[in-house]
Amino acid sequence: MDLHYHPALSNYDILLNIFEQFRLRGNSSATSRHTLAACARVCKTFSDPALSILWRRIDSLLVLLKLLEPTLRRVGGKQNEPYCLHGELLPTQFSRFQKHASYIRTTDLADTSNLIDPTVFMYLAHLNHGRPILPALQQFSWFQSIPVTAQLTSIVPKSLRDLYLHLGHRNGGMSDKAFTTQIIALLRLLTLELPFLETLAVFGDCHPSYIFPIAGFHQLCSLVLERWRYPLTFHQPKGLSGLERSSDLIEATKLITTTGAALATISTPARFQTLEELEVLTDLEEGTVLFAIMSAPMLRSLDLTFRSCVESKKFRRFLDFVCPKLTSCSHITLDVRLSHDAESQLLMYILTPLLMLKDLQSIAVHVPSFPPDLSLSDQDISHLAMAWPRAKAITLDYHCSSPPPLSSLIHFAQHCPDLKSLSLSRMDFSLAANSQQSYPMLSHGLIRLNIYQYRPITEPLAAAQFLDRIFPNLDSKLFRTPLVYIKGDDTWPALVDSLDALKSARECESVQKAAADRNLDSSK
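Using UniProt numbering, read the sequence shown as starting at 1 and increasing by one per residue.
What the hints contain is simulated information worked out from the structure, not anything from laboratory work. Note that beta-carbon positions come from the ideal geometry of N, C-alpha and C, so glycine has one too. Among the hints, erroneous ones may be present.
[As the list claims (entries may be wrong)] The following label-pair restraints were derived from C-beta to C-beta distances:
no. : residue 1 : residue 2 : range
1   : Q93       : S308      : 50 to 60 angstroms
2   : V75       : T395      : 46 to 56 angstroms
3   : P472      : N450      : 16 to 26 angstroms
Sequences and hints are given; from them, build the entire structure.
Below, the structure is given as structure tokens:
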């Protein structure tokens, strides 16, 4: 068939960009894949760039292995049997397999222990002369029962950037010690096989000793550790024994006496020179050990989630210990449930250690307490605003018994010029009537304001006038009012309507003034 089309459609890069738009703008994944598959069948010119986009991301490695059918089939044709290769692959079969494998950038390898016979990967590695099966792979998620080192290293290339290890299961009743030993060996091997790794996520039965081989990834920028379940009364590997304590570890031992024996065996922390992002799901003891044995001088973003309830005093001591290590941080997220502590009812008791982090741009603190007895004052808001002058987004989510007055928002307007998003649990609107009389009109750029208030507002117009004076750029569509209103209360909708009316009036006045100025200039 003789096709006539613009010469630009013969350019591979142009076609690649066009087909990429099909993938991004498709109504659904199935629709976009169908469209790309149809494009690949139009002509030889379209085939390669369309297939490149179509196969760039596949849900499972089994999708690729299906190209080896009918040589690849289940043993005896039974559904509960693993896939095996029956006979040798034809050169055309393997060539087609290699071509499609070269397109793949992102994929998963699910638990194949009962799905694909290990000999399949061994045979493919043999045919590929020791080269990785997926030469262009950039992101890989690995779900396996036990570490299968040869299988993993035969699949991923040295240029891999993102690796997600899911280690929650094991075969044959493997002991904790044996499992941990295999994982450590795997991580050490991967530091050699994947020298350019930038993102590593380890999910499942994580052991604190994993930190040491992980430190061998010298290009690592992002690290995620979740579901640490091991008790911390262990001794570190023998290779680390006999070393003197470091000052950090001595301080950590003061916080957690149960781990003193383990911490006493380490002096040189695991250094992560390039690490910029760290996300950890942990508890107080494990988190303390983690920060005692690791150093990340370039850390920019920290996300800490505590899976168990923590006493206020212990959490404060934890932050006192950790915050001096976070001076390079610009983004921090803390999520912790606090148990009742009669002596620590002020939210600032928890937040004070964070005030030393002057370069923070994004702060999100979620600290629900039981019972809800935390309080935040106008003076507290002032201290927070002055401590974080570079802040662009602040979220303080807490169970509040004594909220700050609405007028305290002026501190953010005066001291945080770059603030674009502000979320607070509650505000006291009772003094809003006189607030607009006290402050001049500002030009602050705050756009999003979230206040979760479940009580009626006494004077919504006065509150709107005050907010409009200090945050004139506030977008009422992004103003998050409470998800649940008190029955019969219409004060929150009235507040939003008043904000819209004030903004419209100001814009009309600005247009009229501009027109008057033009008329004045033209009359001269």
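Hint by hint, here is what the structure shows:
1. Q93 / S308: 50 to 60 angstroms: Holds, since Q93 and S308 (Cβ atoms, about 53 angstroms apart) stay within the stated range.
2. V75 / T395: 46 to 56 angstroms: Roughly 55 angstroms apart at Cβ, these two residues keep to the hinted range, so it holds.
3. P472 / N450: 16 to 26 angstroms: holds, 18 angstroms
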